[in-house]
Amino acid sequence: MRYLPLTETDRSAMLEKIGASDIDALFADVPAEALQKTPIAGLPLHASEMAVERHMKRLAAQNLSAADAPFFLGAGAYRHHVPATVDHIIQRGEFLTAYTPYQPEIAQGTLQVLFEFQTQVARMFGTDIANASMYDGSTACWEAIAMAGRITKKSRAVIGAIHPHYLATSQTMARFTGDTLVPVTPVLSADAGEDAVIAEIDETTSAVVVQYPDILGRIPDLQKIADAAHEKGALLITVVTEPVALGLLESPGSLGSDVVVGEGQSLGVGLNFGGPYLGLFGAREKYTRQMPGRLCGETVDADGKRGFVLTLSTREQHIRREKATSNICTNSGLCALAFSIHMTLLGGEGLGKLAAINHARAAHAAKRLGAIKGVELVNTGGFFNEFTLRLPGHDAREIAFRLTKRGILGGVSMGRLFPDHDEMGEGLLVCVTETVSDEDIGLFADALEEELA
Amino acid sequence: MRYLPLTETDRSAMLEKIGASDIDALFADVPAEALQKTPIAGLPLHASEMAVERHMKRLAAQNLSAADAPFFLGAGAYRHHVPATVDHIIQRGEFLTAYTPYQPEIAQGTLQVLFEFQTQVARMFGTDIANASMYDGSTACWEAIAMAGRITKKSRAVIGAIHPHYLATSQTMARFTGDTLVPVTPVLSADAGEDAVIAEIDETTSAVVVQYPDILGRIPDLQKIADAAHEKGALLITVVTEPVALGLLESPGSLGSDVVVGEGQSLGVGLNFGGPYLGLFGAREKYTRQMPGRLCGETVDADGKRGFVLTLSTREQHIRREKATSNICTNSGLCALAFSIHMTLLGGEGLGKLAAINHARAAHAAKRLGAIKGVELVNTGGFFNEFTLRLPGHDAREIAFRLTKRGILGGVSMGRLFPDHDEMGEGLLVCVTETVSDEDIGLFADALEEELA
Amino acid sequence: LEEPLIFELRGKGKCGVDFDYDPGEPSPEIAKFVRKKDVELPALAEPETVRHYTRLSRQNYAIDLGPFPLGSCTMKHNPRLNEAVARLPGFADIHPLQPMDTVQGAFAVIEQLADWLMKLTNMSAVAMSPKAGAHGELCGILAMRAALEARGDAREVVLVPESAHGTNPATAAFAGYKVENIPATKDGRVDLAKLKERLGPDVAGVMITNPNTCGLFERDMKAISDAVHAAGGLVYCDGANFNAIVGKVRPGDLGIDAMHINLHKTFSTPHGGGGPGSGPVVLSAALAPFAPIPFLRRDDKGRLRMVEERSAKTHAPESFGRMAAFHGQMGMFTRALAYILSHGADGLRQVAEDAVLNANYVLRSLEDVLDAPYADAGPCMHEALFSDDNLPDGMTTLDIAKGLIDEGFHPMTVYFPLVVHGAMLIEPTETESKIGLDRFIGSMRSLAERAKAGDETLKSAPRYAPRRRMDEARAARKPVLTWKAAPGQPGEPSLSEIGGS
Amino acid sequence: LEEPLIFELRGKGKCGVDFDYDPGEPSPEIAKFVRKKDVELPALAEPETVRHYTRLSRQNYAIDLGPFPLGSCTMKHNPRLNEAVARLPGFADIHPLQPMDTVQGAFAVIEQLADWLMKLTNMSAVAMSPKAGAHGELCGILAMRAALEARGDAREVVLVPESAHGTNPATAAFAGYKVENIPATKDGRVDLAKLKERLGPDVAGVMITNPNTCGLFERDMKAISDAVHAAGGLVYCDGANFNAIVGKVRPGDLGIDAMHINLHKTFSTPHGGGGPGSGPVVLSAALAPFAPIPFLRRDDKGRLRMVEERSAKTHAPESFGRMAAFHGQMGMFTRALAYILSHGADGLRQVAEDAVLNANYVLRSLEDVLDAPYADAGPCMHEALFSDDNLPDGMTTLDIAKGLIDEGFHPMTVYFPLVVHGAMLIEPTETESKIGLDRFIGSMRSLAERAKAGDETLKSAPRYAPRRRMDEARAARKPVLTWKAAPGQPGEPSLSEIGGS
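Chains as they are written, first to last, in full-length UniProt numbering: chain A, 1 to 453; chain B, 1 to 453; chain C, 33 to 533; chain D, 33 to 533.
Keep in mind the hints are simulated off the structure, nothing from the lab.
A quick note: this is a predicted structure, and the numbers were derived from the prediction, not measured.
Ideal Cβ positions, reconstructed from N, Cα and C, are used throughout, including at glycine.
Just to be clear, a hint being listed does not mean it is correct.
[Claimed, not checked] Below, in silico cross-link-like pairs of lysine-lysine (BS3-like), each with a Cα-Cα straight-line distance of 27 Å or less:
1) K151(C) with K57(A)
2) K254(C) with K37(A)
3) K69(D) with K305(B)
4) K484(D) with K367(B)
5) K232(B) with K154(B)
6) K37(A) with K484(C)
7) K69(D) with K224(B)
8) K154(A) with K210(C)
9) K466(D) with K37(B)
10) K305(B) with K232(B)
11) K224(A) with K69(C)
12) K153(A) with K484(C)
[Said to hold, decoys possible] To give an idea of the chain C side of the interface with chain B (calculated C-beta under 10 Å), a few residues:
13) R42
14) G45
15) V49
16) F51
17) E78
18) R90
19) A216
20) D219
When you get a sec, could you build the whole thing from the sequences and use the hints?
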């Protein structure tokens, strides 16, 4: 077997050194009736690299990949061009096959990257600090709500028009922790619903959670919500599912957000059918010791040279066990690296250009699609690279499905995301990034026109 | 521009330091009429990575790639499965972006690989030594003929059934150097033609050049030819276009070859539409100082530690200039690395297994195809993984073309390789490696049957 | 090989990405949201970027450079085939919310991996969406809690051995449980008798690691499960060490109710300097109905369908809900599936056998120079445990660990499990060769002897690493978590040695 | 980071590749050819293989780690996009002898690259098949010889400047010519007057490098070409330094007949530790008919057709023949084309400008501490030349070079060109940043001053590299070119430091 370096000669010599008669002597503590005598049934036997590759390629070919169709999906996962350099670097064995940097003397590569990453995220979010990443945006969102509870000693969170999966993830946890979540369900209108959210805030509210831009692509007035929340002693948690937007829009931190969390997949990571992704988590400095997840900090070594270590681990499970701020052990290190490389290539100015291009392309598409008979553009109050179309009288799920028959991946139906709100069923969320060509937009528009005719 | 790190600020500061008014002041030695004032016409302006990738993918999509069709081509370029590890390692920046190892203190990685490579090639070929690689098999072939001339001080080489491109390449050079090449053109028969070759050897012969297996897939009796050559004071040069064969067949060195050259593309390198490939060159130790190309040798450093250097460079152009054994400067270092990694994964035993599988699959295919009405198997005397079919009454070029219309890449027509020998036109050279499935063979056989019906 | 921070490399006015499209001005509707100036982040040109990260990478140790004998943190070889497979556009370039008919191949990957994980563990169901091992633990505990609540059986205590990974108590607490210790016997295993005493109507269940973190198989696992079940509780098994028994023992045969599987530990997905992970959780028949959404089912036409919120009412009425957006760590599934296909049922047995063989070889090659607290009790499983008991005063486990760095190796896991003083937990894994182990053993013996001889130079190890021992207290005292330009800081990299040595 | 040879790693009985197919016995016809035992080569399992090569790689310096200021051996950044493009299955997994209709996209790559090379040089034709720069030189010289022979004009001498690359005289000799030197003027250029004197009916032509290897543009190039042509000869231009003028000067405007282009030097294809290269040769109208086969043409239906032996009689009756099997270095063509597309006509100008700017910056930043023989004559092109003239006795160019290794840099080209004593030829290329150049300049100034101060420690540099100075004489005296097991050699790797530092 190509991954196993022991030869039969080695195995014999080692058993002899150990003083064991055969390999099963080493499994003596396993009750005899539980020890499998033969390969487990139902799995194939070993296979060559060529055969495995063939099998996996066959499965891959059964998917319609984004490069092979005009592609307009977003809703928390965005398709951007990732420079080839990113994938080259993350495949270097020293990054790919390193462990968590518990031995900082021989892990400065990973640690310096995390320190740079934290700085990049904090500056993008407009927060004082950021952590070294979380599983993904949805779990980061819950961690923020839990952190707000620790800080405010309150347990009622008001939730605006965030991604329904993020809400559902938080609801799962809240059910067990005893937190109360008060969702303010969005409606298909241009109004980003700040007032409806603000109306739910009271003195018992630990946090207000809004998305920026929101799940319908609308841009809420964060400062207004922040002011209302702070007035009642609640924190404002802002969720960003599309970090590219922050190249064009004012940062959530500068608009009064106390905690900013997000999904970093847009930069460097790619679609990957939903995972692994990259949770981003930034906050005010005063909450440092309440932060979940890994933190990387600067220090010096015995020679006085600058270096980096994982720090404040007394918050964490491996030290504090049941008193930890979170049970998280693994972060999303390699995705953080990919994000950081992409961001280093872009810089602030490049991120701004990329964002402007996304917005311009989306505006162009919205105009074209919104002009189709039977289509209403919901986001008349502005959007970044994602907007919602209302298709009166149609179930958008059905339209999206019929578009795939024409080879077009034409958006995410709101009915899939909001199954309990029938009025959302007519909504189709369309995302347009720099990867979408004019030709793609034309093909989509023509197809949609025909489907609705 | 993403590859250019100078900013406008940098450029101004540097011009100031230099004392130049503007950039064109640095081009002052260029006659004004020759200095282009604007971007050169006919080329596009700069483009994003995304746009370049799109353009290149469009061109790539216009080719029928081997993975998308039952594939049976060989004739000097063989499709084998290359382990993913190989491509991973050769993309490490330290290998990919290193220069020729002129500074051995900081190039031991490349140098040790070359030393290991030389050892692998020599053992596979059954020669005492091998060099650090040449451009490809065809140029290595000519270099061997030229070397035989230097050694024997004679200039008439007898050439057996080698790849016609190898012959043509050598003929080009011979025309200018004044060497005489005496080709013995093969015929479509099972007889590997040893006697016809031997009949041409005389006292003026510098070398006899044969291919093993030959261009029709036949296996010549090397020892017999070697004995005849040595009797007249000529060297035997054996050409190996398919090194995998040497996992199954006796090595050319052990059968009396004085020089063995070959194409190493089969291991590690891939098809790549013909290049870059990898020239292999092995010889008896006594010819060391007559070898062309780079040689890597063992030595020690100032601390007495073992290390490796390029050596015997007094043979080479950068030292010896017009008296060099060859004008070669570049070898095929990265391809040699790929070959060496693949060989390290295989080892001698693995190479033997791979060869046995190739042979078995080819034998299976030959049986199936040879049974088709209107098809004659030429190689009734045995073959390795390649054999010739005779299609009486048909131009095999036409058949090969018609097979592509059925999505099958069904072999190389002898008419393409031997345009001046009409009797070869009925020959179709078919190669079957481990990558060919039973299903592929069935599809090919069915299609061929229908085409000939 | 010193390397400055990107913020110190004068990245103003540079660009590592080109754009072809002139966007013009943003639409007037969003003018009020538009930021006044760009995010203040430097850019590097592509050549500088490649160099920055390549140089940084060389300050890391990695499995590609040498063994990582980290007990309980298994680091085995990461096959490059898996990297290639995960990058096939048909897997890497598809969106989680594409219409389901356009991603049947991706669903098939998940289904196939799920099926094989169930067969390897002999369990009834598997939740594929947890994002990492600890997330998987959470999934298992939530399923247990949901099942107990569905019975109307409020229970509030989870029992955890002292030797457990920190994630176990943290997870139980995160899910709202009180945590109590399970005592251990002298031979490093759960004390069955004491456990039985503690069981009762307030105990929701136990979390047991098997093989445990002392590297031992819990011989009484089945009896433990039976006792817990008899007392109305449920059994969570921490599957971090499943690599020691994969293909040899099916945990479901031992009566457990839930177990997470770290795909990187057992199935070779890369760890990437700290993640991403993936932690599928296998569940017993009792817990299966409470599994989280989404999960796959086949409809009556044989098409794969992801059960999400919309169809959960029909197909998953008792599910405890969603744990994360989308469907799980697809990129890890493709890699793990390729790994399982490569090994097959026969190869996986060999994996466990070679892992255990390598660990016992280390145990027996070092037990004469280091204290091995459980060595007399019999063989270990995938990891060998030593203590600092026969080191002289002043010489510590940490000194051995840091000394190992100077020998060219990553240190073993130290000071864990907590039940052993100055623990050194060594896990070679099956992908280390004998020649490599012999070198490692040689270094360990040399270090043990130096420590016993009171060699003070060990105290200043490492000397040959990119950094010497780090001042971790200083980092925590006044945390510096982001870079800030110091006044007058030149941003110049320091001169450095070349990286080859 | 010491690493043993693969032959020392006990590779017997291992396997890094698996096979699914049982081949049985070989067919009886070939029994007599079958080898008695396997080739005697060790195998390593995949984890060991990855580690062996990863560790070895770290003993290399590379452009990804720092600058390679090798004058005349241009090493610029190698974009990773190009690597991705070259690996597209539509390019990497096609066979050179597939029916031509199935490879129209591959032909289009070659045609497009060929077209742009002609436009960038203002030449009439281009031979794409040469495998490297020196092979391209050979192609050019053979075309010249074929053209002269076609005229019935036997000539036997080729004139080459003393400052030329060694490949120039070697190539001319390899093609059967006698080589004579062209004298140089004091300012480092071809002496036009002396050249004119030597021209005559025996001179087949000249080989001139422009910009030349002193880093200077040959101002009189057009006059040289005119003089050679007037004397019935032909002009070969060594295009190794085309990167200095690409997009700024078209060599065809200067009257040359042939020039090779090293795709790695000007168009960024990776050098791979010594190749593969690729050396397309542009040709004047006079030489175009003699270009080697194969080459592309479009048939009357617009389809691309490769003119090979079969169609040469019709379409290339005067071709001097084939230079290598198949069609050239396709893998380099895709990379070079991606590079040209990325830069475009505007970006390529900038490449030349930045390369020249960087070189002049180095020249002017070091001319006060090192002797710069041609600095007074004006700007240099892409490389700056220094001599050892103001180093004290006993201190050599080699000491500076090896000292540079300890500063973290690859040395410059040394002792070339031969016309300058103790030459140091520094070529930064356009892909070095100013901050990087400033560091390099700082190191060079420090070394120059140490040398002038007679600092003997320079003599023992490098000290911080994987090896100290190597005994090259020993290697050549009794060459050891392959590994042989020494009796009793244990095959044990030595202990080593960890690789990060």
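To see whether the hints hold, each was checked on the structure:
1. K151(C) with K57(A): holds (24 Å)
2. K254(C) with K37(A): At roughly 19 Å apart (the allowed maximum being 27 Å), K37(A) and K254(C) satisfy the hint.
3. K69(D) with K305(B): violated (35 Å)
4. K484(D) with K367(B): Violated. K484(D) to K367(B) sits at ~78 Å, over the 27 Å cutoff.
5. K232(B) with K154(B): Given that 27 Å is the threshold and the Cα spacing comes to 12 Å, the pair holds.
6. K37(A) with K484(C): violated (44 Å)
7. K69(D) with K224(B): Holds. K69(D) to K224(B) sits at ~21 Å (cutoff 27 Å).
8. K154(A) with K210(C): holds (21 Å)
9. K466(D) with K37(B): This hinted pair holds, its Cα atoms lying about 26 Å apart.
10. K305(B) with K232(B): Answer violated: K305(B) to K232(B) is near 46 Å, above 27 Å.
11. K224(A) with K69(C): holds (21 Å)
12. K153(A) with K484(C): Since the Cα atoms of K153(A) and K484(C) sit roughly 52 Å apart, the hinted pair is violated (cutoff 27 Å).
13. R42: holds (8 Å)
14. G45: Check passed: Cβ of G45(C) comes within 4 Å of chain B, closer than 10 Å.
15. V49: Since chain B brings a Cβ to about 6 Å from V49(C), closer than 10 Å, the hint holds.
16. F51: Holds: closest Cβ of chain B sits about 6 Å from F51(C), inside 10 Å.
17. E78: At about 5 Å, which falls below the 10 Å cut-off, the nearest Cβ of chain B leaves the hint on E78(C) intact, so it holds.
18. R90: Where the cut-off is 10 Å and the nearest Cβ of chain B is about 9 Å from R90(C), the hint holds.
19. A216: violated (43 Å)
20. D219: violated (42 Å)
The structure fails to meet hints 3, 4, 6, 10, 12, 19 and 20 from the earlier list, while all remaining hints are met.
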